[in-house]
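Q: Could you slot chain S onto chain F? The hints should help.
Chains as they are written, first to last, in this note's numbering: chain F, 1 to 367; chain S, 1 to 621.
Just so you know, these hints were derived from the structure itself, not from any lab. Careful, some of the hints might be misleading.
Within a straight-line C-alpha distance of at most 20 Å, the following computed SDA-like cross-link-like pairs (lysine to any residue) qualify [to be verified]:
| # | chain 1 | residue 1 | chain 2 | residue 2 |
| --- | --- | --- | --- | --- |
| 1 | S | Lys122 | S | Arg76 |
| 2 | S | Lys215 | F | Lys94 |
| 3 | F | Lys94 | F | Ser109 |
| 4 | S | Lys122 | F | Leu254 |
| 5 | F | Lys209 | S | Ala91 |
It should be emphasised that the depicted structure is a prediction, and the values quoted were computed from it without experimental measurement.
So you can see what is in the structure, the chains are spelled out below.
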Amino acid sequence: MVNALRTHRFWKDFDWLLLAAAVALSVISLTEIYSSTMNSQTDTYFTRQFAWVVVGIVSLFIVASIDYHRLSEHIPWIYLGAVVILLYTLIFGKTVSGSKSWVSVGGMSFQPSEMIKMVVVVALARYLSEWHGERYMSLAQIVKAGVVCGVPVLLIVLQGDLGTSLTFLPALAVGIFIRGVRPVALVSLFLCFLLVLPVSWLFLKDYQKDRITTFLHPELDPQGRGYQIIQSKIAIGSGGFWGKGLFNGTQNQLGFLPTRHTDFIFSVVGEELGFLGVMITLGLLAFIILRSIYNAQTARDNLGMFIVMGIVGIYFFHIIENVGMVIGFMPVTGIPLPFMSYGGSSVLTAFIALGLVINVRRCRYVN
Amino acid sequence: MRQREEQELLRSRIRSLCYGMVAALLVLVFGFWNHQMVYSSYYRDRAEENRVREVPLIAPRGRIFDRYGRLLADNRPSYNIVFTRENSPHAIEQTLALLSDGIDMTVDEMQERVERRKREPKFRPIVLKEDVSVADIAFVKAHRFELPEISVEDQPRRRYPGGELAAHALGYVGEVNETELATREFADFKAGDQVGKAGLERVYNRVLRGKDGFKRVIVNTQGREMGQLEAEEPIAGNDLHTTIDLDLQEAAEEAIGDYAASVVALDPHTGEVLAYVSKPSFDPNLFATRISGPEWRSLITDPRKPLQNRVIQSHFSPGSVFKVFMASAGLEAATLSPLQTAFCPGHATFYGHTFACDKRSGHGTIGLHDAIMMSCNVFFYNVGKDLGIDQISHFATMMGLGRKTGIDLPNEDPGLIPSAEWKRKAMKAAWYPGETISVSIGQGYVSITPIQAAYAMGGLAMGGRLKQPHFVAPEALRKAGFTAGEVYVEEYPIHESTVDIVTKAMWSVVHEPGGTGSKAKVVGFDVAGKTGTAQVVGKQAGLKGKQYEDNAWFVGFAPYRNPEIVVAAMVENAGHGGTFAAPITHAVFETYYKKKMGTFEQSATPEVAQAVRGVPNPGGR
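So that you can see chain F by itself, here it is in the shape it has in the complex:
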């Protein structure tokens, strides 16, 4: 429990490198959030984000201190609570840019779906680590794992937040892959996916369809939907190797970059800090991913390993999608870049996730 914070062992086994990487990313993030919002009417973005980073780091230590086995013991109730919160959001939530995924708690708006990712990760990890000795999962096991992940996902889809719901799936996919699927099952899953794809098109909202067509042909409508991608590519490309310098990005400062402090924060890095800044930032993100994978392999048990790999799956997907999006390799979705994009829920969840990874590492030598 939190008492662990008082032990010498906790501080000795703590993964300081991971925390250092996250803090370094936060510094870059805060600088670029400041840069991209300094000309806007409200200048509270920086202070608010700073506060969230502090809250995030504190939460990281708390999460790291609670033995993940304890978490796993209580996960059925936590999971049930999460489902209730999602239902509550679905009924009483606030609608922000088309999705009813926000709730107000004491005057603060919060997106519960972000945090619930961690609940699903732990729940999945517990389920996947419940048996031993099988090379491959049975169909029933795959379906059960799918249900564990699928219930919250379905509720989030119903909220209209397709982007966030998609970010749960990598945890499931990574978990199933590691636990083992027969090649035959893999192929049939893929075929099912292909089959579902055109059907799901019918259920997409217009703006979601637009995003996909725009991703495929951004030049078709440079004034409208393709605008974001084009402006982002211009920002990044014009940054060159050294960048235009902090606070000097014209695309950023003159407002040509859309949602530049949130989803397109990486474009600001690309413009103002250049290829060099991009490599440093991407390097730090990659370090967190790879270091986490290393922690997973050295985890004491499968539960810890699955928790870490679920988190790796989710955040790797965030990185690929967001960073790929800003250079037009991926379609535009509202998926934030962990530790970088402005937004309390996103930052807090990222630090909590990192806390879980550190937690698993910390406990590796415990008998």
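A: Showing chain S alone in chain F's frame:
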């Protein structure tokens, strides 16, 4: 499967996942390398295009002044609402719909304007509404966050403080159209430019036009200026100093009243145009803003033809005014002796046709002097018969009739002095001697413009010296750095005695009892002139109505020796020249004489007073 074995299996799966992730990250690295290192300069140019915008700074046109430096045309500040399609957050229809309520303009109207210029680059603003009101500007300013693609642009606009005053001389300006752009005259203009469309504005377009400047500014995504990179200031056009005398102009316009009429006053020594009136007139200020459809239609469908520049574009039978030239021609050709007389019983028969004299009771036995003074037709029938059409044609043309005077206005009409050869060519018919009799009194085919009447009369009074009429002295243009020719001078041989006889007779027209032009008289100024009362086509057929009333002419000059001013007045469908045209010339002569004597008091009508005060030129310099 043992636990250890299983552990190894799971770890190998994690490893392969890890390789896949590293590969995906490398793809991203490649993407950034491509954007930031390989194609960086391309994106840098596009970023510059984004933030830098070239804004035209429209140069004000030069002002136009009368001969004493009183203002005839200047510029005023005005604002247009413009639409920049580049970086617009809305679809075009959306923008126009949002704007439509606020600025009181239909979407269709605006759509049409956008349509017309949709092939131009998207960063070039399209004017949606010109010369907007303060309320319109307020609307745009208030909505600059919702409609960043809409902005207000300033453009100096032409202003004619006198309104209709001298409108046909000044002309008007307007946006250059596509047909004009294709011509050489407008070769160095571009779409959207304001150019002279008529009158002096058009003829001296190259002088009046300024040189537009530009500024390169940094704009944000809403198109708002955040800073300036460089600027080239616009250079205002050259001012145009004309020969018009506003006092004479005003006197003439006022004297005309409601008639359709032309008045032109020239200085016969120099060819300078002192006054130039074509009535009914129009307000050139209407064209300075884009003229509205209904306004334009009412101007072009008005049966009184206000846009017609009557002084140079309408030709009329000169009537008895022509007798002065007949007399000169007869004397010069020696077919007429100064002492010749004719008997006028009120009519005369030639070639089997009876031709009437204005005085039904007849003038009795009448000499040349009295025949001009009293305008006896019968005397001149004989003059014409003796000259023959070809000699009439030769002398009339020589004296400046039936051909362009070369005045510095566009689209001058040559009028017509007929000859046997002309009829053979134009009508494929032989000349009938009877037609010569009609021509002798300025009827039949003969047809002249009012400017020709003043030009030829001035030339005759000057002893056979024709000076090209003009509003702008070539020396002034040369001083401003433009190439300009000379005022054209034409001298024709004429005996001093001939000039003496006809001018004396014209003095009598005004001054002696029985003269037809006594209403032109100005005490002390020795006005000489000739009336004309020309029948219009249709009257002979017995048709009645206002439009078949006679055209009234008076062409005179003063003083009758070494004249300083020649005035031609032509009042359409009014009646007798002595009654309707002579008083108009009187007003001009009197004003001229008073100014000369120093007893002239400033004109009182508000628009001229305003013009004379010379309101400062805010859009200009």
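Q: Mind checking the alpha carbons of Lys209 (chain F) and Ala91 (chain S) for me, to see if they're no more than 20 Å apart?
A: 19 Å, holds
Q: Quickly compare the C-alpha distance for Lys215 (chain S) and Lys94 (chain F) to 20 Å and report which way the hint goes.
A: The hint is violated at about 47 Å.
Q: Could you grab the alpha-carbon distance between Lys122 (chain S) and Leu254 (chain F) and see if it respects the 20 Å cut-off?
A: 19 Å, holds
Q: Under the criterion that the straight-line Cα-Cα distance not exceed 20 Å, is the pair Lys94 (chain F), Ser109 (chain F) satisfied?
A: 9 Å, holds
Q: Could you grab the alpha-carbon distance between Lys122 (chain S) and Arg76 (chain S) and see if it respects the 20 Å cut-off?
A: Distance ~29 Å between Lys122 (chain S) and Arg76 (chain S) Cα, so the pair is violated.
The structure is inconsistent with the numbered hints 1, 2, although it conforms to all the rest.
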